[in-house]
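We have chain A; now place chain B onto it with these hints.
One line per chain: the protein sequences are A and B, in this order. End of the first sequence sits at 365 in our numbering; the numbers just go up one at a time, nothing left out. End of the second sequence sits at 730 in our numbering; the numbers just go up one at a time, nothing left out.
If you're looking for bench data, these hints aren't it; they were derived computationally from the structure. All figures in this text were calculated on a predicted structure; none of them were measured in a lab. Among these hints, one or two may not hold up.
[Unchecked claim] Cβ-to-Cβ under 8 angstroms is the rule here; a few derived chain B residues that face chain A:
no. : residue
1   : Ile671
2   : Gly675
3   : His684
4   : Leu685
5   : Val686
6   : Thr688
7   : Ile689
8   : Gly690
9   : His698
10  : Leu704
11  : Ala713
12  : Tyr726
13  : Leu730
[Claimed, not checked] Listed next, the in silico BS3-like pairs over lysine-lysine satisfying Cα-Cα at most 27 angstroms (straight line):
no. : chain 1 : residue 1 : chain 2 : residue 2
14  : A       : Lys351    : B       : Lys674
15  : A       : Lys212    : A       : Lys239
16  : A       : Lys309    : B       : Lys674
17  : A       : Lys309    : B       : Lys716
Heads up, the beta-carbon is just placed ideally off N, CA and C, and yes, glycines get one too.
There are 2 protein chains.
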Amino acid sequence: MLYLVIMAGGSGTRFWPESRRARPKQFLTLAGERSLLVQAADRCRTWIPTANMRVVTNAAHAAETSRQLPELAREHILLEPCGRNTAPCIGLAAWQIWRNDPDAVVLVTPADHLIRPESEFRATVERALGLIDRQPRASVLLGIEPSYPATGYGYIERGEPASAGEGGASRVRSFREKPTLETARRFLAGGNFVWNSGIFVWRAARILELLKEFQPAIYDGLERLERSAQSHGWEAALKDEFPRMPSISIDYGVLEPLAARNSPDDGVFVVPASFEWDDVGSWQALPGVLGTDDEGNTSSGMTCQIDTKGCVIRSTASHLVATIGLTDFVVVHTADATLIAPKGDESAIRKLVALLEERGYERFL
Amino acid sequence: MLYLVIMAGGSGTRFWPESRRARPKQFLTLAGERSLLVQAADRCRTWIPTANMRVVTNAAHAAETSRQLPELAREHILLEPCGRNTAPCIGLAAWQIWRNDPDAVVLVTPADHLIRPESEFRATVERALGLIDRQPRASVLLGIEPSYPATGYGYIERGEPASAGEGGASRVRSFREKPTLETARRFLAGGNFVWNSGIFVWRAARILELLKEFQPAIYDGLERLERSAQSHGWEAALKDEFPRMPSISIDYGVLEPLAARNSPDDGVFVVPASFEWDDVGSWQALPGVLGTDDEGNTSSGMTCQIDTKGCVIRSTASHLVATIGLTDFVVVHTADATLIAPKGDESAIRKLVALLEERGYERFL
Numbered sequence: 001m002l003y004l005v006i007m008a009g010g011s012g013t014r015f016w017p018e019s020r021r022a023r024p025k026q027f028l029t030l031a032g033e034r035s036l037l038v039q040a041a042d043r044c045r046t047w048i049p050t051a052n053m054r055v056v057t058n059a060a061h062a063a064e065t066s067r068q069l070p071e072l073a074r075e076h077i078l079l080e081p082c083g084r085n086t087a088p089c090i091g092l093a094a095w096q097i098w099r100n101d102p103d104a105v106v107l108v109t110p111a112d113h114l115i116r117p118e119s120e121f122r123a124t125v126e127r128a129l130g131l132i133d134r135q136p137r138a139s140v141l142l143g144i145e146p147s148y149p150a151t152g153y154g155y156i157e158r159g160e161p162a163s164a165g166e167g168g169a170s171r172v173r174s175f176r177e178k179p180t181l182e183t184a185r186r187f188l189a190g191g192n193f194v195w196n197s198g199i200f201v202w203r204a205a206r207i208l209e210l211l212k213e214f215q216p217a218i219y220d221g222l223e224r225l226e227r228s229a230q231s232h233g234w235e236a237a238l239k240d241e242f243p244r245m246p247s248i249s250i251d252y253g254v255l256e257p258l259a260a261r262n263s264p265d266d267g268v269f270v271v272p273a274s275f276e277w278d279d280v281g282s283w284q285a286l287p288g289v290l291g292t293d294d295e296g297n298t299s300s301g302m303t304c305q306i307d308t309k310g311c312v313i314r315s316t317a318s319h320l321v322a323t324i325g326l327t328d329f330v331v332v333h334t335a336d337a338t339l340i341a342p343k344g345d346e347s348a349i350r351k352l353v354a355l356l357e358e359r360g361y362e363r364f365l
Numbered sequence: 366m367l368y369l370v371i372m373a374g375g376s377g378t379r380f381w382p383e384s385r386r387a388r389p390k391q392f393l394t395l396a397g398e399r400s401l402l403v404q405a406a407d408r409c410r411t412w413i414p415t416a417n418m419r420v421v422t423n424a425a426h427a428a429e430t431s432r433q434l435p436e437l438a439r440e441h442i443l444l445e446p447c448g449r450n451t452a453p454c455i456g457l458a459a460w461q462i463w464r465n466d467p468d469a470v471v472l473v474t475p476a477d478h479l480i481r482p483e484s485e486f487r488a489t490v491e492r493a494l495g496l497i498d499r500q501p502r503a504s505v506l507l508g509i510e511p512s513y514p515a516t517g518y519g520y521i522e523r524g525e526p527a528s529a530g531e532g533g534a535s536r537v538r539s540f541r542e543k544p545t546l547e548t549a550r551r552f553l554a555g556g557n558f559v560w561n562s563g564i565f566v567w568r569a570a571r572i573l574e575l576l577k578e579f580q581p582a583i584y585d586g587l588e589r590l591e592r593s594a595q596s597h598g599w600e601a602a603l604k605d606e607f608p609r610m611p612s613i614s615i616d617y618g619v620l621e622p623l624a625a626r627n628s629p630d631d632g633v634f635v636v637p638a639s640f641e642w643d644d645v646g647s648w649q650a651l652p653g654v655l656g657t658d659d660e661g662n663t664s665s666g667m668t669c670q671i672d673t674k675g676c677v678i679r680s681t682a683s684h685l686v687a688t689i690g691l692t693d694f695v696v697v698h699t700a701d702a703t704l705i706a707p708k709g710d711e712s713a714i715r716k717l718v719a720l721l722e723e724r725g726y727e728r729f730l
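In isolation and in its complexed conformation, chain A is listed as follows:
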């Protein structure tokens, strides 16, 4: 059986004032009519039953997650008492799925990326599943063909084609974290590098096996959690055990050492994605995702522009944001706060949020 694990534990301030501590990016409706989290669930809805969906999120976001995905059973929303990066997150979900279905195959995906069209997402995942069918101990990553020399993404170097390599699957030769611009240009020119989408397909049993080998502290923690839950209850046990696990990403903690070992059939593979992908990293990303009008503006909600160029302007359906003579700014209106910041300065919002924190404006954080 195929299961979907949506990693929705992210936090962050890059979408302030829409994103807040209580409502990070994955819960926002940045493109289209649905939040990124709801889109992540919806894009699998026709081919993965709801009962097979799991969301791993921070305990603080339990209510918002249930509100956005009311069809999910309460016990299918796994609540991390604190963030521990992706390895414990995936381990936790894999364990919960594996204990009920030892043959489960798991599609793991971040909650906060934009993927279009949904049909191509499914087609790509099907190719990964085909590979797993033939090589059950494979760990498969979806790779995104790079369209520009991005310095903010992780890259995957493709090696030789997988032996069961239909759909362009290759072995992963190496992982390269955020490169310099020069290196990124070389990657792009070389043609054998793809972006790491953070989307994985593998058997739940294989995930646990790999954690046991490469991250025994996490595996032991999961075992202790299982035992402790029987005597103390799940919630108390999780609160006790989860924070003790090392905070490490699945890429760095498991897949990189596994790929480096270069063993023939139980290694790491990459399947090229045929869908459009964007991680929507900041307000600045919206023009690329939503397009621009003739003046280079990307606007949503009720807005009115005069002599306004290259701006990202967001409002609600009932509040009018009128701009005159503004160039290359981000303007975001929400019910209780409005941001006006230069589009080019990605650090601006971080500075602002730090200042709000310093001033004790808690309710805006």
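Below, chain B alone, put in the same frame as chain A:
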């Protein structure tokens, strides 16, 4: 007895989005805690009884006027069915006051100027009243010592000192409407020009006498209104008669020809004001009125600035407006609309409001 007539019929869009058709400038709280209209009433409250106060406003603003000045009797708020400039407005109020008190002296003032301190306003009016005491047929204007060569104001040229000229009162030699910058500089250098504050002191009976002489159509209209009200009721009569009066200012229609006649005792006089005066013509005027912080910003409500200079930023107590990297802009947040416009472009808001009208955004007008 002294009466106060507050002319609150103004409309206009220069303070959009705070000002709307239903709530023009005089009803806004631009400086301090009270609206300009309330300030206009309050500055006379200790020395003119409430029963002697009249507000002339547009019928559309009846409710807002009563809300802001609940102590005013309903019949003391005179409702113009349409705007007809200041001559019919003052005529209407003068007639209503005169018919009950033929000896009434009337202080006429616009509702939408900022005047500080209140004590000096009273002192200046007292000097004007002293002149009227000695020369009952005088029409007295308050003049403002110009502080810069303004091109947006009307100027009054001072002639010889009034024969009962204590307090610096002079005869008015001429009126000069909005001059060119060069002329304004000459006025300023010459020293015998003051700004026309639009504040007048004269006997109600004298106002009517002057209207009868210089604007007989208005005087006749007032007489017809009186008769018609007796048979058809005040409201119906006003709706019928008022729109037929010529739309003309008291300055142009009465005081200019009166001053030109240069008769000794029943002419036009100007008393120099000892108070600070600002007509707060646009958002751009706020820094001059409210002052600026170290970065040259004038802000009110909940705001937070980073690298923000020379801006006017207005929000409410509960909505945070955060600006980064903004220079010389006006940012105004209200419950249903937010404006971001260059501070230097006084025509920007007019263009915007025209565009909103064109697009049928009625509820924002």
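Outcome of the hint check:
no.: 1; hint: Ile671; verdict: holds, 6 angstroms
no.: 2; hint: Gly675; verdict: violated, 14 angstroms
no.: 3; hint: His684; verdict: holds, 6 angstroms
no.: 4; hint: Leu685; verdict: holds, 4 angstroms
no.: 5; hint: Val686; verdict: holds, 5 angstroms
no.: 6; hint: Thr688; verdict: holds, 5 angstroms
no.: 7; hint: Ile689; verdict: holds, 4 angstroms
no.: 8; hint: Gly690; verdict: holds, 4 angstroms
no.: 9; hint: His698; verdict: holds, 6 angstroms
no.: 10; hint: Leu704; verdict: holds, 5 angstroms
no.: 11; hint: Ala713; verdict: holds, 4 angstroms
no.: 12; hint: Tyr726; verdict: holds, 7 angstroms
no.: 13; hint: Leu730; verdict: violated, 11 angstroms
no.: 14; hint: Lys351/A / Lys674/B; verdict: holds, 17 angstroms
no.: 15; hint: Lys212/A / Lys239/A; verdict: holds, 21 angstroms
no.: 16; hint: Lys309/A / Lys674/B; verdict: holds, 21 angstroms
no.: 17; hint: Lys309/A / Lys716/B; verdict: holds, 17 angstroms
Hint check: violations occur at hints 2, 13; the rest are consistent with the structure.
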